[in-house]
Amino acid sequence: MDFLIFKAPILMVQASMDGILLGLLFALIAYGMALQWGVMNIINIAQGELVIMGGYIAYFMYTAGIHPAFGIIVSPIIMYFVGWFLYKSIINRVVERDLFISILATFGISILTQQLMNFVFGADVVVAQSNFGTTLLFDDSVTLPNAKIFSALVSIVFAVALVLYMKKSRLGRAIRATSQNPRAAKILGVDTEKVYAATFGINAALCGVAGSLIAITFTLHPYVGLPYTVRSFMIVIIAGLGNLPAVALSGVGLGVFEEFADYILGTEFRIAAVFLLLVVILVYRRFKLSKKREYLK
Amino acid sequence: MRNFKLSIALLSGLLLVFSSLAFAKVEGDTITLGAAVSLTGKYSTNGKNTKNGYELAIKRINEMGGVKVGGKSYKFKIVYYDDESNGGRAAQLAERLIKQDGIKYMLGPYSSGITKAIAPVTEENKIPMVEANGASRSLFTKGYKYLFAVLSAANQYLEVAIDLAVERNGGKGVRIAMAFEQDAFSQDVKIGVVEAAKRTGSEIVIDDNLPKELNDMAATLAKVKALKPDVLVVSGHTKGALTAIRQLADMRVNVPMLAMTHCDAGKLSKQHGEKAEYALCAAQWHKSLTYKDNFFGNGMDYDRDYTAEYGSPPPYQSAESSAALLVWKDAFERANSFDTEKVRDALAKTNMQTFYGNIKFSDTGQNIAKPMVLFQVRCDGGKCTNKVVAPTKWASTKIVHPIPSWSQR
Amino acid sequence: MSKNNIIIYGLILVFGIGAPFLFPAYKLQISILWILTILALTWDIQGGQMGYNSFGNILFFGIGMYVCSSVQIGMFFPLSEWTASGGEKTFLHTTSQYFEGFTYGLILAGIIPAIVAALIGYGILGLRGHYFAICTLGIGIAAGEIAGGIELIGAGQGMTVPPWPKGIGGTELRSQFFYYLCFLTVSITFLVIKWIYQTRFGLVLNAIRDNEDKAEAMGIHTMRYKIIGWVVSAFFLGIAGGLMGNMIGYIEPTEIAFAGSTYGVFMVLMAILGGKGTLWGPVIGAAVFHIFKEGFWTFFLGWQYVALGALIIVIVIFFPEGIMGWLREKYPHRFGEVVDEADRTAQVELT
Amino acid sequence: MGIILEVDQVYKHFGGVKANENVSLTVEEGSIVGLIGPNGSGKTTLFNSIVGTHPIDQGSIYFEGREISALPVPAIAKLGLLRTFQQTRIYEKLNCIQNMLVSSKPENDTVYNVFAKIPEELTEKSENLLKFVGLYQKRNLRAGDLSFGQQKLLELAMALMNEPKMLLLDEPTAGINPTLINGIIDRLIKVNKEFGITLLVIEHNMRVIMSLAQKMFCLAHGQLLAEGTPEEIKNDHRVIDAYLGVQ
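Chains as they are written, first to last, in my numbering: chain A, 1 to 297; chain B, 298 to 706; chain C, 707 to 1057; chain D, 1058 to 1304.
Some hints could be false.
Below are the PhoX-like pairs computed for lysine-lysine, each with C-alpha atoms no more than 25 Å apart in a straight line [said to hold, decoys possible]:
{"no.": "1", "chain 1": "D", "residue 1": "Lys1075", "chain 2": "A", "residue 2": "Lys292"}
{"no.": "2", "chain 1": "A", "residue 1": "Lys7", "chain 2": "B", "residue 2": "Lys525"}
{"no.": "3", "chain 1": "A", "residue 1": "Lys194", "chain 2": "A", "residue 2": "Lys88"}
{"no.": "4", "chain 1": "C", "residue 1": "Lys900", "chain 2": "D", "residue 2": "Lys1150"}
{"no.": "5", "chain 1": "D", "residue 1": "Lys1182", "chain 2": "D", "residue 2": "Lys1150"}
Pairwise CB distance ranges (calculated) [what the hints assert, rightly or not]:
{"no.": "6", "chain 1": "A", "residue 1": "Leu265", "chain 2": "C", "residue 2": "Met781", "range": "29 to 35 Å"}
{"no.": "7", "chain 1": "A", "residue 1": "Val120", "chain 2": "B", "residue 2": "Asp504", "range": "36 to 42 Å"}
{"no.": "8", "chain 1": "A", "residue 1": "Asp139", "chain 2": "C", "residue 2": "Met781", "range": "56 to 62 Å"}
{"no.": "9", "chain 1": "A", "residue 1": "Val120", "chain 2": "C", "residue 2": "Gly724", "range": "44 to 50 Å"}
Since the hints were derived computationally from the structure, they do not count as laboratory data.
Note that the structure is a prediction, hence the values are computed from the model and not measured.
Glycine residues also receive a C-beta, built at the ideal position from the N, C-alpha and C atoms.
Looking at chain A on its own, in the form it has when it is part of the complex (with noise of 0.2 Å):
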């Protein structure tokens, strides 16, 4: 336990900046979670796989000479056809089983891909410069990083940008009608088979965004990438599935939680705290909901 961050208040300023701006990158792999998971009924452990390799999209392009940023516009194309293909060739066989199948179907594709990008990217730990510099506030005594600034825009962006897709183009209101009721949107002659790959590829293409962003913040492994698909867990866990708000909210939340927990916890208990209020969440809402005698569906 260590109490700076209540000696110096200023910290906390500083920590829930940084949550903040954590916590709407987060929401951004969140929301693509969200979306798969309440339209096709997946839970996908391969997102933070996803995520890292649409890093690696934006991290190429600075080898090339282009300037990284440029990778969020990139590396969503290249994903969605990624997401495309893994939705034709692995994903529509578990779509319509049970759910533990595709926790497992995904595990799988999880490890195989961080293993061929182990091969395909190699095994060193990369970072992308961006060069964006810092903004300071209150007489230098609270820095934010302008990559960090950027993805929290950039995140922001795209998330408005889906949700006037969803709402006004033909298949984001074929997407919308799967996730109430695929039955129904089939017999209403919508390809429900296209809609999926459709769903998938904009998953992807959203963890691509993250990528190119989380190559600009932090750093790129191959073997990452699964404390992304956790708090993506969590986030959508939070706030429910496809209410982007929420998203973006509980987004928000878990950043600023995670800061304050490594200062008052200690860094080396912050995964562990993300974990147990994944924990605690779920546990609070069973008991809840038990006293209904109900259970979490």
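Add chains B, C and D to chain A, keeping to what the hints say.
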């Protein structure tokens, strides 16, 4: 159905028996060594560096006539397994190498934690192991007789940096901020720093342990910013080094001295360029050291050959791994025998110079003939290199201290 | 017991007892096979028989491992000194101390995880389906991270297990000792599990899997059964953990003790591969998996995770019922699923 | 004969939907009572309220004079108040015998009983009950492989295995081959007479309910619309209106 069970049970038994190819320790003109290295998982970066080091040395030794035992020339060969960056797996593989594959001579894995998991196995089976990447001091207090490490112990890594900071402070104690990963190696480095702090009357103001799945150090660095320590020490393998530099620069954290490990393995100077400038890095080896041997020449030559072979300059992990094979060769030739006991005794009496440094083992198998080096990342017109600053004997440049603040860089 | 059964049990017994002499080089491998079998068998109590797919059972394995060694050390020496500075100080157990410590350690390694299971069971087992899966996944990972932060048990540096006492015979004796202990444990585990599947308890577990609401509507307090099922799992897993820790000789929080990404996943895979929800499925699954893994895997050198990933995908997509499930589909009559044509009298009454 | 079940002014809302509103009814011990009403009138909700699947908002429910509205599902079932489901609920991966065995009266669930070998008498009893419903030949098949109608019969047998005092049946003849319906009616009467089990039956098939019940209740829009003998209900114009959708 009963018959199915029966046949499966039988099949299992048979497969288990034949599931492994047999390797003999010395067969024809090859001496087979065994190694479990991390080709996958979180240590895959350095596992690969380790393997590259082994491979390069084998190639060189075999090209240059191999190992001469009893008037005959033998070639080295290594049986590798992938330990998946997992100590439990590594211990199992070590046992497998020894028991099933008949390996009599072992090379070390990457990382202290995994070496700690393997050492009890080799020790019990009385199989000598020359390891190059397990620096944990506790390896050398257990009385292991068959373990030989060509590298200096982990606690020495950053002690020098603390001493340097104290010296710069006019001999008075300094305020230290520590961020160490929760793994065997980094925690051992921490022990060294804590001891140095005690010895010099320094105060530890931040003591953060980083999780293994580290991706964000913002909180630790914000504390550093608030408390303004005199020296920040970071150790968290490659990812820790890269994350620290990235976020130090991004958050504009000014600290008079920054000391860390794994700078060369993380290719800090290449990946972060000027942002990494002035970082002090502990290393087992640096190419500018003036040691030399007959196989690789001096450090510069090794650097050149390694780069030609693998496309990037060698981190010290590779150099020490190469050195391990030179030790083996030397020991075999002096023992002039393949008997493990005789080879072990020869290993214990090792006293040689390699391009990597002098090697002489203490009773506990630790290399006591070689100091750690400290280099500083220095940039000149956008091109950054690692310059040795300590020990003074090899210092190619004077240390810059304190590090200029970000606004002046 | 049918004649075939006697032959099978006899063969396994002969193999189990004779293996160290028949295949001395494979002693550790076979010991690990027994441990893996325990993992698969105990996982199957939840995942297969009860329908609660747990990803967190590794928790009990890890706790057992730490409890066993802590007791072994703590009974005779100060634990904090043993683990301080990464285990630099060495203490030596005498022979009697070693075995006394080990006995108590192993007993507590079973009991304490069982208590933990009972304590957290009420909260966690109220979750169903994938929420249960995710929650247990969270617990498994959190446990490793927390253990990595506790100084007393060596934190991230891990903890060395007491070495085999000097003067009573060397490596051979040690590996034989652990081998037979593993075999004994797996035998007891198997027999206990076999027994409970034949009782009302086993039937209730299956009922919970097939329709928990119905079971409750029929007056069964399902929570009690779920908790007891978990406690049984935890008990044997804990003992397996204690054994494994001693066999490896070194404990590390996230890779050896709470090794969710290896043993935690393997136990699920083995049970599914063999056929979850059957008695023999996990045993066969463990054997096939271990042989596949040790036989071929190590030669992929770096590609083994690609192979494992592909294997997982293929198993869950094409053989979700596993080997036993597949056999059952194919030869249902061999599993006793027959219409009793002989007795038609009962039918008359209704029509 | 005393009153075995009393539902007293029960309210149950789901969000804005008033599923049960001020429902009161009583069932006499040893009788067969029908519960009818158009679709969505709250019959199944009432069943769920009685056996404790969800808590009720207001009111109280008494079973053998004991308030049970706050008890959890298994506790109520243990008192001897059991229900069957409209969509069958059986343990599909277990065979019929196992389905029966696991349904035996949990009153005897002592630690010893739970972990001891299942006694022969129970197996015998299961077989007899399977004979009673005509499933004896299929006793070794997995319950999931049975037809819907057979599953319904199995579910009935499972309920009998549990030796309840009162049984709530949710549409026992829905989805069953019409030629078998008479057989089921006979069996239900036998259950009532021979086993002495009180029955409360939801049924849409008027012929069935008329030949079974001694007393009937009719629900509409969550409220109790009418009660009386089958004859009275049959001629009650409010009931007919409710079924025809006239407000």
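Structure-based check of each hint:
no., hint, verdict
1, Lys1075/D with Lys292/A, "holds, 17 Å"
2, Lys7/A with Lys525/B, "holds, 15 Å"
3, Lys194/A with Lys88/A, "holds, 10 Å"
4, Lys900/C with Lys1150/D, "holds, 18 Å"
5, Lys1182/D with Lys1150/D, "holds, 21 Å"
6, Leu265/A with Met781/C: 29 to 35 Å, "holds, 31 Å"
7, Val120/A with Asp504/B: 36 to 42 Å, "holds, 39 Å"
8, Asp139/A with Met781/C: 56 to 62 Å, "holds, 58 Å"
9, Val120/A with Gly724/C: 44 to 50 Å, "holds, 47 Å"
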